[in-house]
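Enquirer: Sequence:
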Amino acid sequence: MDIEQFRKAGHQAIDRICDFNYSVEKMDVVSSVEPGYLRKALPSEPPEQGEDFSKIADDYQQLIVPGLTQWQHPSFFAYFPAACTFEGVLGDLYASSVTNPGFNWSSSPACTELEAIMTDWAAKLLGLDKAFLNSNETGGGVVQTSASDSVLTATVAARSLYSKLHPDVSQDKLLFYTTSQTHSVGAKAALILGIKVRSLEVNLSDNFGLRGETLRNALEEDIRAGLHPFIIVATIGTTSSGAIDHLNEICVVAQEYSLWMHVDAAWAGVTLSCPENREICHLSFVNRYVQSFCVNFHKWGLVNFDASILWVRNREYLTDALDVTPPFLRTAQSDAGTVIDYRNWHLGLGRRFRSLKFWFVLRSYGVEGFRQHIRKGIELNKLFSSWVSSSTLVELATSPSFGLTVLRMKAPKHPTASQDFLTRKLFECLSARKDIMVTQTVLQGIFCIRFAFGAERTEERHIVAAFNLLCDEARKVNEEFKIRNAEHDKVITVKSLRN
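In terms of my numbering, the sequence shown opens at residue 1 and continues consecutively.
The reader is advised that the hints may include incorrect statements.
[Claimed, not checked] In silico EDC-like cross-links for lysine to aspartate or glutamate, where the CA-CA straight-line distance does not exceed 20 Å:
| # | residue 1 | residue 2 |
| --- | --- | --- |
| 1 | 130 | 316 |
| 2 | 476 | 395 |
| 3 | 425 | 435 |
| 4 | 8 | 58 |
| 5 | 124 | 137 |
| 6 | 410 | 435 |
| 7 | 476 | 428 |
| 8 | 476 | 459 |
| 9 | 188 | 201 |
| 10 | 376 | 472 |
| 11 | 55 | 15 |
| 12 | 173 | 137 |
| 13 | 173 | 221 |
| 14 | 434 | 59 |
| 15 | 196 | 172 |
| 16 | 130 | 279 |
| 17 | 130 | 120 |
| 18 | 188 | 221 |
| 19 | 434 | 28 |
| 20 | 413 | 456 |
| 21 | 124 | 276 |
| 22 | 55 | 4 |
| 23 | 164 | 316 |
| 24 | 376 | 459 |
| 25 | 40 | 59 |
| 26 | 425 | 459 |
| 27 | 376 | 460 |
| 28 | 476 | 435 |
| 29 | 26 | 480 |
| 30 | 410 | 459 |
| 31 | 164 | 256 |
| 32 | 482 | 428 |
| 33 | 410 | 479 |
| 34 | 410 | 472 |
| 35 | 26 | 459 |
| 36 | 55 | 19 |
[As the list claims (entries may be wrong)] Restraint-style ranges between C-beta atoms, simulated for each label pair:
| # | residue 1 | residue 2 | range |
| --- | --- | --- | --- |
| 37 | 468 | 138 | 49 to 55 Å |
| 38 | 19 | 53 | 16 to 22 Å |
| 39 | 50 | 191 | 39 to 45 Å |
| 40 | 6 | 331 | 31 to 37 Å |
In short, the hints are calculated from the structure, not lab data. Where a beta carbon is used, it is the ideal one built from N, C-alpha and C, also for glycine.
Turn these sequences into a full structure, and let the hints steer you where they fit.
Expert: This is the structure in structure tokens:
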């Protein structure tokens with residue numbers, strides 16, 4: 001493909017992307033393809049001769065698009081809201097048009113310097129302390145692929161520091177703390193590094209947030225057993241329930257016992273952009289005690305995947321653990337200590353020019369536009385959860401959290417089936433539909449259904465439709481098992497809400 005052929009194909013691609021976005025709301029949320037559909041449609045080997053790109057582009061439309069789950073759809077309420085802004089698309093386009101692997105400053109000065117500035121912009125947007133700024137030259141931020149890499153990188157740094165301070169402690173005595181609500185990234189990091197992990201129990205009475213007393217009791221028990229706890233992963237907005245660990249308590253305990261404190265705020269961390277959310281997220285304790293902090297902007301934060309930022313209070317702990325500099329990677333600037341070499345801040349060597357899409361998004365939306373986006377998701381969730389609270393069919397399983405509502409079927413007064421069984425049946429009914437997508441979770445053995453809000457395209461009319469659909473399916477489940485409620489929920493309309 002020459003330049004002019006690329007220009008033509010690029011125009012066509014943009015047109016088709018625009019057409020896709022115009023029509024996405026009319027599409028099914030869930031793909032209808034069967035497992036293995038693509039292997040049946042594609043040849044088993046690459047072509048001997050090159051093909052015309054117009055045919056390749058047409059095959060994308062005919063074979064790939066039907067196999068996509070439409071995360072951008074306004075009725076996608078599964079997992080987490082996923083960013084897919086046009087600014088982010090253009091950032092990825094420009095980034096992929098140049099070769100800038102960014103493993104050291106001299107390989108790509110713009111890639112390195114823009115990342116240092118963008119992670120500072122993001123830190124200031126969220127209200128993080130100046131200790132986490134690259135411009136402070138002590139701590140700083142780095143863009144990772146995901147929270148999984150952020151947790152793993154922080155754990156490597158924490159382990160290295162602990163081993164340096166306690167050289168006589170063998171690795172099989174090290175202990176990694178999570179909670180029963182911590183995302184699987186914690187357990188995966190421990191698995192990869194071959195470290196023992198203990199999951200601390202949390203309770204519904206505490207909204208599934210970890211308490212300081214629970215951590216202290218575990219520390220005392222494990223230390224008596226000859227183990228050496230060295231890191232805890234706390235969470236602001238757990239995936240299952242949206243729980244916020246009681247950082248005001250556990251940060252103090254962690255400092256007393258010299259634990260590395262990592263906070264995973266992958267989904268809910270962007271809510272810190274709105275000052276009214278900072279107290280409930282214990283931001284003052286993050287700024288005072290936490291060693292590392294992670295937010296996924298590719299979830300609710302408008303920056304297209306992958307775009308996770310890891311901030312550390314002391315960058316030397318990262319570079320001491322990860323710095324491998326063979327002669328061919330040495331540069332005059334690095335030797336002089338005047339630049340950041342981001343290869344020493346993460347597990348890989350080369351890296352993508354991700355900071356471009358941060359730059360495009362944050363400039364285009366501005367701080368106020370970003371805050372409006374977050375506040376809209378929170379308000380939609382408040383509205384939806386209020387309907388659940390007043391429903392005769394479903395009920396809240398735990399307190400709503402920012403853009404997340406977790407619910408279950410209401411217990412029947414004259415049961416012919418258990419509440420848990422009915423909730424599972426409701427989830428089966430919702431999962432069989434193509435016009436909506438939600439996900440399941442289990443909280444203390446209780447089966448629940450999650451509705452996650454915050455997608456850019458989701459408006460009030462979409463959550464009205466989602467709640468009415470939820471109630472319709474719940475009625476069908478009740479009728480199937482001969483369960484009658486005192487009165488059926490009324491159909492909600494946008495007009496009635498505004499009145």
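Enquirer: If a hint holds in the structure, say so; if it does not, say that too.
Expert: Evaluation of the provided hints:
A distance of roughly 16 Å separates the Cα atoms of residue 130 and residue 316; the hinted pair therefore holds under the 20 Å criterion. For the hint linking residue 476 to residue 395, the alpha-carbon distance of about 16 Å falls within 20 Å, and the restraint holds. As the CA atoms of residue 425 and residue 435 are separated by approximately 18 Å, the hinted pair is consistent with the 20 Å bound. Taking the CA atoms of residue 8 and residue 58, the gap is about 14 Å. The hint holds against a cut of 20 Å.
For the hint linking residue 124 to residue 137, the alpha-carbon distance of about 16 Å falls within 20 Å, and the restraint holds. For a cut-off of 20 Å, the pair hint linking residue 410 to residue 435 is broken: about 24 Å separates their Cα positions. Proximity of residue 476 to residue 428 is assessed by CA-CA distance (about 12 Å); at most 20 Å being required, the pair is judged to hold. Between residue 476 and residue 459, the direct Cα distance comes to roughly 26 Å. Violation of the 20 Å bound is thereby established for this hinted pair.
Simply put, residue 188 and residue 201 have alpha-carbon atoms about 18 Å apart, close enough for the 20 Å limit, and the pair holds. Annotation: proposed proximity of residue 376 to residue 472 is violated, straight-line Cα distance about 26 Å (limit 20 Å). A threshold of 20 Å between alpha carbons decides the hint, and for residue 55 with residue 15 the separation of about 16 Å falls inside it, so the pair holds. Proximity of residue 173 to residue 137 is assessed by CA-CA distance (about 34 Å); at most 20 Å being required, the pair is judged violated.
Distance restraint check for residue 173 and residue 221: the Cα-Cα separation of roughly 14 Å lies within the 20 Å cut-off, and the hinted pair is therefore satisfied. Simply put, residue 434 and residue 59 have alpha-carbon atoms about 23 Å apart, too far for the 20 Å limit, and the pair is violated. In summary, the hint linking residue 196 to residue 172 is supported, as the alpha carbons are separated by about 7 Å, within the 20 Å threshold. Only pairs whose Cα atoms come within 20 Å are accepted, and residue 130 paired with residue 279 is accepted, the gap being roughly 18 Å.
The straight-line distance between the Cα atoms of residue 130 and residue 120 is roughly 9 Å, inside the 20 Å bound, and the hint therefore holds. Restraint check: the Cα-Cα separation between residue 188 and residue 221 comes to about 24 Å, which exceeds 20 Å; the hinted pair is violated. At roughly 5 Å between alpha-carbon atoms, residue 434 and residue 28 fall within 20 Å of each other, so this suggested pair holds. Restraint check for residue 413 and residue 456: not satisfied, since their Cα atoms lie roughly 40 Å apart, outside the 20 Å limit.
Taking the CA atoms of residue 124 and residue 276, the gap is near 15 Å; set against the 20 Å cutoff, the hint holds. With a C-alpha separation of about 17 Å, the suggested pairing of residue 55 with residue 4 holds against the 20 Å cut-off. Proximity of residue 164 to residue 316 is assessed by CA-CA distance (about 13 Å); at most 20 Å being required, the pair is judged to hold. Simply put, residue 376 and residue 459 have alpha-carbon atoms about 9 Å apart, close enough for the 20 Å limit, and the pair holds.
Only pairs whose Cα atoms come within 20 Å are accepted, and residue 40 paired with residue 59 is accepted, the gap being roughly 14 Å. Between residue 425 and residue 459 the alpha-carbon distance is near 28 Å, which puts this suggested pair outside the 20 Å criterion. Between residue 376 and residue 460 the CA atoms are separated by roughly 10 Å; this keeps the pair inside 20 Å, and the hint holds. Distance check on the hinted pair: residue 476 and residue 435 sit about 17 Å apart at the alpha-carbon level, within 20 Å; holds.
Taking the CA atoms of residue 26 and residue 480, the gap is about 30 Å. The hint is violated against a cut of 20 Å. For the suggested pair residue 410 and residue 459, the alpha carbons sit about 27 Å apart, so the restraint of at most 20 Å is broken. A C-alpha spacing of about 19 Å is found between residue 164 and residue 256, which places the hinted pair at or below 20 Å, so the restraint holds. For the given pair, residue 482 sits about 18 Å from residue 428 by alpha-carbon distance, which is consistent with the 20 Å threshold.
The straight-line distance between the Cα atoms of residue 410 and residue 479 is roughly 14 Å, inside the 20 Å bound, and the hint therefore holds. Distance restraint check for residue 410 and residue 472: the Cα-Cα separation of roughly 14 Å lies within the 20 Å cut-off, and the hinted pair is therefore satisfied. Proximity of residue 26 to residue 459 is assessed by CA-CA distance (about 15 Å); at most 20 Å being required, the pair is judged to hold. For the hint pairing residue 55 with residue 19, the CA-to-CA distance comes to about 18 Å; that is within 20 Å, so the pair holds.
For the pair residue 468 and residue 138, the supplied restraint of 49 to 55 Å holds, since their beta-carbon distance comes to about 53 Å. Checked against the hint of 16 to 22 Å, the pair residue 19 and residue 53 passes, with Cβ atoms roughly 18 Å apart. For the pair residue 50 and residue 191, the supplied restraint of 39 to 45 Å holds, since their beta-carbon distance comes to about 43 Å. Taking 31 to 37 Å as the suggested C-beta distance range, the pair residue 6 and residue 331 conforms, at roughly 33 Å.
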